Amino acid sequence: MDGEVPLPPPRRIRHRSPAPARSATNAASSLDRTRRLSRFDDCSSQPSSDPALFSSDDIPASGLENYHATTPGSGRKRRYRGTWWGEQVLDPKRKRGEFKEKRNVDSGVWMGSDESSVESIMSSDPAWGDDLRKSVLDPKNASTPSTPIAPRASATDTEQTPTQVRVRFRGMAESQQHQAARKVVNECLEKGHETIDLGNFQMGTIPPGLLKPLQHLTKLPSVSETPVSEDFFTSLTPFLRLYLPNNSLETLPKDLFELEKLMVLSLRNNRLTEIPSSIGRLNNLRSLNLAVNQLEFLPWELLTLMRDGNLAHLTVHPNKFPKMDSKKVQWLKRFRDESASSLPLIPPEAVGAYPLHMANGPVTYFDPYGKVINPNSSLYNEMQAKATSKNAPSLRELALRQATKLENFDQTTDEDFPEEVPWTLLPALKKAREVCIAGGQSCSVCGREYVMPCTQWTEWWDVSHYEMGQDWNWAVQSSEIRARAYMLRPLPFRRHGCSPSCLPRLVIPTTTHTHHKTTMASQPTFTKPNRPLTWLITGCSSGLGLSIARIAQSKHHTVIATSRQPTRTPELVTEITQNGGEWHTLDVNDPTAASELLSKLEHADHKIDILVNNAGYAILGAVEQFSDSELRAQMETVYFGPSRLIHQFVPGMRERRFGVVVNISSGAGLEGRESMGAYAAAKAAMDGLSKVLAKEVAPFNVRLLTVWLGVFDTAFGTACLTAEKPLPGDYEGSVVAQMLEAITEGKLVADGDKEKAAKVIYEVVQGEGVGSGHESERFLPLGRDMIPRVKLVRDQLDHSLDVFGDVAGNVYLTR
Amino acid sequence: MADSASEYVTLISHDDYEFIIPRSAACISGTIRRMLDPSSKFSEGLTGRCKLDDMSGVVLEKVCEYFCYHEKYKDQTNVPDMDIPPELCLELLMAADYLDT
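Sequence lines, in order, name chains A and S.
Be aware that the first sequence starts at 0, since it is given in numbering that gives the first Met the number 0, and climbs by one per residue.
Be aware that the second sequence starts at 0, since it is given in numbering that gives the first Met the number 0, and climbs by one per residue.
A portion of the hints provided could be inaccurate.
Stated by the list, open to error - With a Cα cut of at most 30 Å, we get these calculated BS3-like pairs of lysine-lysine:
id, chain 1, residue 1, chain 2, residue 2
1, A, LYS690, A, LYS599
2, A, LYS554, A, LYS253
3, A, LYS370, S, LYS71
4, S, LYS71, A, LYS690
5, A, LYS606, A, LYS554
6, A, LYS690, A, LYS746
7, S, LYS73, A, LYS694
8, A, LYS724, A, LYS690
9, S, LYS73, A, LYS690
10, S, LYS40, A, LYS429
11, A, LYS527, A, LYS429
12, A, LYS430, S, LYS73
13, S, LYS73, A, LYS527
14, A, LYS385, S, LYS73
15, A, LYS370, S, LYS73
16, A, LYS724, A, LYS694
17, S, LYS71, A, LYS527
18, A, LYS370, A, LYS211
19, A, LYS404, S, LYS71
20, A, LYS694, S, LYS71
21, A, LYS527, S, LYS50
22, A, LYS218, A, LYS326
23, S, LYS73, S, LYS50
24, A, LYS430, S, LYS71
25, S, LYS40, A, LYS404
Stated by the list, open to error - Quick partial rundown of chain A residues pointing at chain S, CB under 10 Å, derived from the structure:
id, residue
26, ALA398
27, ARG400
28, LEU405
29, GLU406
30, PHE416
31, PRO421
32, THR423
33, LEU424
34, LYS690
35, VAL691
36, LYS694
37, PRO698
Worth flagging that the hints you see were computed from the coordinates, not collected in a lab.
Since the structure is predicted, the reported quantities are computational estimates derived from the model, not experimental observations.
Built from N, CA and C at the ideal position, the CB exists for glycine as well.
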């Protein structure tokens, strides 16, 4: 249904003149100019004012179906606007009010749906003040004339606004402005008008309860004399438009953000300094006008409305937004190169993909009392140190959260707080009240409800797309924009976090170590029993497998070593068995070998704690050389063999709630090197299986460790086969050919020391030495040659997001 | 007299309810941590008993519950919120402020 309701089209789009001179050469001037542009010459080129509302006007945004509904009412509304001070209540309404009063007083029967009556009865109950209220509210207030319902107020107001009786009036009748506003609202409710115009009412505040009934506004059926057919069934869900321009509003009430159906909201020309984050609840909002206010930043939640909601038209200029200091912000990666001196150009691939995150401002930390922590203080460092730890909320915060849920907490005044509350807590209580009035707020990072923010920062986003309105066709305009060197137009969005670890994603704390922890925050924790462990290691006849077996034995662990043909290495078998280990025959290619080994070991009462899948070899050749059987053989040894072992031994680990599976993988599986196609495919298959298995068995305290090994001084080269088919002549001199030659002829110079690698693997498995505190790591790259390859893969992924990230985020189903 | 470095400490409310909780949990509170610090030579530090005159048994019980809740969920993600009875929230707020937690 979204598509049917057109938004007001941009009236005139004044194209900005081309700016050819803006380039890196005159960085400073271009910077200034852009800012000037962004503040005053709004790129949207649209008036910040709302579309005019005349009774005779067909509202631009309304379709044909609204025509019948609006026409009869709008004339009447005009009449109200002129004479609000003179108008008295219309007769039919008086009747209704009287009826209601009678019902409250006499019958004791009310309709189940009429909450207000129920509440009015309950709230005038003398037993209304419970323990809590006694402690929260000043007792003497209860006896003053401003008791829950002042008689006078109820007499006049129940008549006018039957649903508003619950409001506590503090001793005086409502101002005329408020009464007039209520009249307009009631009129709209009664007539089913979807457009509520409360503009120019000079209201300093929105009285409580004014907007609440609008939640239940229902459109009147528009059918008059048209024949009934399927085409004429229209939804009665209103296209709710609320206009509040030219008032002197300084705060917005919580009711406003409960109007779920609100589609258009105008707050133009008020005195707002901040838009509460609860605006994020207006999921249906399509058009928002915040122009001519005192705003210095926008709530971050607006971005959510743009990305996940329907917000398509945002008018924010003019306001008091500060300039972005491009030197003091942290730019997103895609802008980093250009941002040094000036505002960057919009990357061509990002045109049309909005909103566009540009940069983050510095993080401000708050202490528990809501004061800004000085960046030079020790407390600040303490906060930064906490960035990586997960902290349960403080008791103070928990109590404040509960306070916001207290009944009528939003109506307490400062005098209502009990005297024994220390003054240091008053700001926190006031803040809690603000939160309560705003209807609660949730942390934009972790989603938890909170009262006192702990972190705060400004994110700079370009939302020009939304400022121009959705009708502006980017597909057509984008090439033009590119030609004109389109400049980014940052807008500040303020974001809060509820704990020291709720931080912007790209904040990089001082050490790389902590950064790592921040980004990988959701890692599971593992424990290890404090006893000698039983290691099952495949491929122990040489190389890394043997080294790991020796280290494990030297540390008094039980080692079950395996190889295809133990008879080939009798001296090793003797060495391992003499040191308390065992040596078994295991051909990983044999489909039944794994299960046989398991039953053999179970028979001997060996419970495997650590499985090291080390055995392997490679078939080398250009991808087109490989025959089907070669590919399958490679897969058999490197993928199916280890996965059969996993299949046999992981269930026991899961049942015993401890185990580690180490898969010796390769840089080939990670990045892929010419001539290693078959091997890379098999290793990648293994890695893929490990990644998923790791997640599945982490709750059972079973770890997976994938070791990406570079070139080490093992017998890998000699264990390599080459494809049977000859290399086609075209490949002569190519990298494939060179690699094949180097590996098969033993010219491949190993850089890594397998003993050192085995020691690292052992320590990481055990969580000792270099592995201490890194028990939850899943990947272990080893070898100097692996570092550039890991970085290459990482950069390739980053690059793919830089190029296609926006496309990726733009192919969703439009709701 | 309890050993100053013992594993458990005793918190006493003004109406003489005693709560024995692990030292590590109690030390979540900065105030209690400083009271119990043996080097400070406060009597609390020596005896492992803290008399909290501002708190009633009901409040202190909730405070102890919080200590254990915090101990259980520190270094964890997806921490559930602890239930705070509405009628206690102001007193707990003041207690939390006093205990610096």
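Quickly compare the C-alpha distance for LYS606 (chain A) and LYS554 (chain A) to 30 Å and report which way the hint goes. holds, 18 Å
Are the Cα positions of LYS370 (chain A) and LYS73 (chain S) separated by 30 Å at most? Holds, because 25 Å separates the two Cα atoms, which is no more than 30 Å.
Does LYS430 (chain A) pair with LYS73 (chain S) here, judged by a C-alpha cut-off of 30 Å? holds, 26 Å
Holds or violated: LYS430 (chain A) to LYS71 (chain S), with C-alpha atoms at most 30 Å apart: Between LYS430 (chain A) and LYS71 (chain S) the Cα gap is close to 29 Å, so the pair holds against 30 Å.
Given LEU424 (chain A) as an interface hint, is its Cβ closer than 10 Å to any Cβ of chain S? holds, 5 Å
Taking the least C-beta to C-beta distance, is PRO421 (chain A) closer than 10 Å to chain S? holds, 6 Å
Status of the THR423 (chain A) interface restraint (C-beta, 10 Å, chain S): holds, 7 Å
Is the shortest C-beta separation between LYS690 (chain A) and chain S less than 10 Å? violated, 20 Å
Proposed proximity, LYS527 (chain A) with LYS73 (chain S) (alpha carbon, max 30 Å): holds, 20 Å
Mind checking the alpha carbons of LYS694 (chain A) and LYS71 (chain S) for me, to see if they're no more than 30 Å apart? holds, 23 Å
Restraint check, 10 Å cut-off on beta carbons, for LYS694 (chain A) near chain S: The hint is violated - LYS694 (chain A) has no Cβ within 10 Å of chain S, the shortest such distance being about 15 Å.
If you draw a straight line from the CA of LYS40 (chain S) to the CA of LYS429 (chain A), is it 30 Å or shorter? violated, 39 Å
When held up to the earlier numbered hints, the structure conflicts with 2, 6, 8, 10, 11, 16, 18, 21, 22, 25, 34, 35, 36, 37 and fits the remainder.
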